[in-house]
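Peer 1: Heads up: the protein sequence lines correspond to chains V and A, in order. Quick note on numbering: our numbering labels position 29 of the first sequence as 555, and the sequence is numbered without any gaps. Quick note on numbering: our numbering labels position 8 of the second sequence as 9, and the sequence is numbered without any gaps.
Calculated from the structure, these hints are not laboratory results. Backbone N, C-alpha and C define an ideal beta-carbon position, used for all residues, glycine too. Errors might be hidden in some of the hints.
As the list claims (entries may be wrong) - Below 20 Å or equal to it, Euclidean Cα-Cα: the simulated DMTMM-like pairs (lysine to aspartate or glutamate) are:
#1 V:Lys528 with A:Asp11
#2 A:Lys115 with A:Glu27
#3 V:Lys528 with A:Glu120
#4 A:Lys130 with V:Asp625
#5 A:Lys67 with A:Glu25
#6 A:Lys130 with V:Glu545
#7 A:Lys6 with A:Glu82
#8 A:Lys6 with V:Asp549
#9 A:Lys115 with A:Asp65
#10 V:Lys528 with A:Glu10
#11 V:Lys534 with V:Asp549
#12 A:Lys106 with V:Glu622
#13 V:Lys528 with V:Glu556
#14 V:Lys534 with V:Asp600
#15 A:Lys111 with V:Glu618
#16 A:Lys106 with V:Glu618
#17 A:Lys67 with A:Glu82
Unchecked claim - Short, incomplete list of chain A residues facing chain V, as computed with Cβ under 8 Å:
#18 Arg17
#19 Ala26
#20 Gly28
#21 Gly104
#22 Lys106
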Amino acid sequence: MKNIPVLKLGPVLFLTVPENMNDAMAQSLEEDVLFQLEATRAEAVVIDITSLEIIDSFMARVISETAQTTRIMDARIVIVGMSPVATITLLELGLEMSDIETAMDLETGLQRLGYHLQAFENKTLDVEEVS
Amino acid sequence: MITIKIIDEDDIVYARSEARQLAEAEGFSLMEKTRLATAVSELARNIYRYASNGEVQIETITNDGKNGIVCRFIDQGPGIENIQQVMEDGYSSGKSLGFGLPGAKRLADKFSIKSEVGEGTHIEIIKWK
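Sequences are here, hints too, so could you generate the full structure?
Peer 2: Here is the structure:
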């Protein structure tokens, strides 16, 4: 199956996790993020999980590991779009993502990373697909 | 009854989306649908990971005027030697994680497991509407 596309917007890499993510895609997500960080020298990563209907223990572990390894690569990471039901289910499963920075939406996520949307007004940021 | 053969990773995705769709059709709340689909994802993955293949059966049930969904996870894999141990949080016999079974049990309303070493494992969960 196709990998999850990594988009670069200025110093930030964006990934949107698809609804039907299988284990192989989840597994490649971590590697893709790390290799793209190296290749692009991006400062931060935003992973959007809005369309993910459930987070099971495997997906939680992949997200958690990706967050850890991204920090080791000296980049910041924020997970955006956690749904209330996925959050409750995750805790009931016995998992927590307390070591991970999360935000409700992309805008808040970017602010959390220190980027403000005024930056978009000068139109100097181009989105490019890097993988 | 819906039967899903678990042979590769995409079958895990398929099993959880079938469970979710049936729960949707039965009028389950978003929270209950999500709990069911997550438990199915965990247990279908166990089949794939530990038994390499097996099947998931999903069907509606009625009891005392209550509507629910029953899911069975059947494999002829290696079986579980110490069920009590795998039902403890944090225990895992594989390289993965220990949360699969106790987590799925918490998400379901009823959870039962039968397993014979060398014969396989049969897990049944029920989620009431």
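Peer 1: If a hint holds in the structure, say so; if it does not, say that too.
Peer 2: Results of checking the hints against the structure:
Between Lys528 (chain V) and Asp11 (chain A), the direct Cα distance comes to roughly 13 Å. Compliance with the 20 Å bound is thereby established for this hinted pair. Of the supplied pair hints, the one linking Lys115 (chain A) and Glu27 (chain A) is violated, its CA atoms being roughly 28 Å apart against a limit of 20 Å. For a cut-off of 20 Å, the pair hint linking Lys528 (chain V) to Glu120 (chain A) is broken: about 36 Å separates their Cα positions. With a C-alpha separation of about 34 Å, the suggested pairing of Lys130 (chain A) with Asp625 (chain V) is violated against the 20 Å cut-off.
This hinted pair checks out: Lys67 (chain A) and Glu25 (chain A) have alpha carbons roughly 16 Å apart, not beyond 20 Å. For a cut-off of 20 Å, the pair hint linking Lys130 (chain A) to Glu545 (chain V) is broken: about 24 Å separates their Cα positions. With a CA separation close to 24 Å, the supplied pair Lys6 (chain A) and Glu82 (chain A) exceeds the 20 Å bound. Between Lys6 (chain A) and Asp549 (chain V) the alpha-carbon distance is near 17 Å, which keeps this suggested pair within the 20 Å criterion.
Distance restraint check for Lys115 (chain A) and Asp65 (chain A): the Cα-Cα separation of roughly 26 Å exceeds the 20 Å cut-off, and the hinted pair is therefore not satisfied. Taking the CA atoms of Lys528 (chain V) and Glu10 (chain A), the gap is about 14 Å. The hint holds against a cut of 20 Å. Note on Lys534 (chain V) and Asp549 (chain V): the hinted pairing is violated, with a Cα-Cα distance of about 24 Å set against a maximum of 20 Å. For the hint linking Lys106 (chain A) to Glu622 (chain V), the alpha-carbon distance of about 17 Å falls within 20 Å, and the restraint holds.
Restraint check: the Cα-Cα separation between Lys528 (chain V) and Glu556 (chain V) comes to about 14 Å, which is no more than 20 Å; the hinted pair holds. For the hint pairing Lys534 (chain V) with Asp600 (chain V), the CA-to-CA distance comes to about 17 Å; that is within 20 Å, so the pair holds. A C-alpha spacing of about 15 Å is found between Lys111 (chain A) and Glu618 (chain V), which places the hinted pair at or below 20 Å, so the restraint holds. Between Lys106 (chain A) and Glu618 (chain V) the CA atoms are separated by roughly 10 Å; this keeps the pair inside 20 Å, and the hint holds.
For the given pair, Lys67 (chain A) sits about 35 Å from Glu82 (chain A) by alpha-carbon distance, which is inconsistent with the 20 Å threshold. Residue-level restraint check for Arg17 (chain A) holds (minimum Cβ-Cβ distance to chain V is 7 Å; threshold 8 Å). Against a cut-off of 8 Å between C-beta atoms, the interface hint on Ala26 (chain A) is violated, since the closest Cβ of chain V lies about 16 Å away. Interface hint status for Gly28 (chain A): violated, as the beta-carbon distance to the closest one in chain V is roughly 16 Å, over 8 Å.
Because the beta carbon of Gly104 (chain A) sits about 4 Å from the nearest beta carbon in chain V, less than 8 Å, this interface hint is met. Interface restraint check for Lys106 (chain A): the shortest CB-CB distance to chain V comes to about 10 Å, outside 8 Å, so the restraint is violated.
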